[in-house]
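Based on the hints, put chain H in the right spot on chain G.
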Amino acid sequence: DTAVSQTPKYLVTQMGNDKSIKCEQNLGHDTMYWYKQDSKKFLKIMFSYNNKELIINETVPNRFSPKSPDKAHLNLHINSLELGDSAVYFCASSPPGEPNYGYTFGSGTRLTVV
Amino acid sequence: GQNIDQPTEMTATEGAIVQINCTYQTSGFNGLFWYQQHAGEAPTFLSYNVLDGLEEKGRFSSFLSRSKGYSYLLLKELQMKDSASYLCAVRDSNDYKLSFGAGTTVTVRA
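Protein chains in written order, with our numbering: chain G, 820 to 933; chain H, -13 to 96.
No lab work stands behind these hints, which were simulated from the structure alone. Fair warning: this is a prediction, and the values are worked out from it, not measured in the lab. Any given hint could turn out to be false.
[Stated by the list, open to error] Covered by chain G, according to a simulated footprint, are these stretches of chain H (three or more residues, beta-carbon under 8 angstroms):
hint	segment
1	8 to 22
2	30 to 37
3	74 to 84
[As the list claims (entries may be wrong)] Okay, the calculated beta carbon distance ranges per label pair:
hint	chain 1	residue 1	chain 2	residue 2	range
4	G	K863	H	R95	26 to 34 angstroms
5	H	A2	G	N881	43 to 51 angstroms
6	H	E42	G	S884	39 to 47 angstroms
7	G	G847	H	T9	30 to 38 angstroms
8	H	E(-5)	G	V831	46 to 54 angstroms
9	G	E877	H	V36	35 to 43 angstroms
10	G	D857	H	I3	29 to 37 angstroms
11	G	R929	H	Q5	41 to 49 angstroms
[As the list claims (entries may be wrong)] Chain G stretches covered by chain H per the calculated footprint, using a threshold of three residues with CB under 8 angstroms from any CB of chain H:
hint	segment
12	828 to 835
13	887 to 894
All C-beta atoms, glycine included, are put in the ideal place defined by N, C-alpha and C.
In isolation and in its complexed conformation, chain G is listed as follows (with noise of 0.2 angstroms):
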């Protein structure tokens, strides 16, 4: 069973389009992040929810949109799509204090906006 799973895992769109992301969980961790890797491999943290609320969120554009239905769960929504958005989007969790592996990393979601 994949611990944390990623739908759709490619996704081609048009600028202007909204698209969602979901993420789910099965390891009963509390915390779940989003992150976005660029074309440099760079990975930045845009937003975390720990047990449906949200406790991080960076400087992230505001057509970016987190939702957390439930802990296993964080999609993101992201609205009038920019080709700057082109990138993969890694999903994570945690699970509470400070576990000594970090986090567990879904497989990625590779969004090309063209």
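Using the frame of chain G, we list chain H on its own:
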């Protein structure tokens, strides 16, 4: 905030040793992690240091000096499958957020 630096690329020969350095500046330190990421895949956990010193796990070792804001990942007996990007990440003691360096792409040649 965090400022994490590591070299962009390194190349080594199969069977050799490579050391990837990472320097960081942080407002609150709660551990340093190394992740491996193969092209097109998710980052996977390699090692964790929170106290000064060396942690060894098979062919991979990681070292930390908190006073110097410095870590390195040592890869021994390199294999072709070790060709990947290696990410240094620091956890913040205030919000447990992991901040990543830009990654070091290691290419292993026969």
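Hints and how they fare:
no.: 1; hint: 8 to 22; verdict: holds (count 4)
no.: 2; hint: 30 to 37; verdict: holds (count 4)
no.: 3; hint: 74 to 84; verdict: holds (count 6)
no.: 4; hint: G:K863 with H:R95: 26 to 34 angstroms; verdict: 31 angstroms, holds
no.: 5; hint: H:A2 with G:N881: 43 to 51 angstroms; verdict: 49 angstroms, holds
no.: 6; hint: H:E42 with G:S884: 39 to 47 angstroms; verdict: 44 angstroms, holds
no.: 7; hint: G:G847 with H:T9: 30 to 38 angstroms; verdict: 35 angstroms, holds
no.: 8; hint: H:E(-5) with G:V831: 46 to 54 angstroms; verdict: 29 angstroms, violated
no.: 9; hint: G:E877 with H:V36: 35 to 43 angstroms; verdict: 24 angstroms, violated
no.: 10; hint: G:D857 with H:I3: 29 to 37 angstroms; verdict: 31 angstroms, holds
no.: 11; hint: G:R929 with H:Q5: 41 to 49 angstroms; verdict: 31 angstroms, violated
no.: 12; hint: 828 to 835; verdict: violated (count 0)
no.: 13; hint: 887 to 894; verdict: violated (count 0)
Hint violations for this structure: numbers 8, 9, 11, 12 and 13, all remaining hints satisfied.
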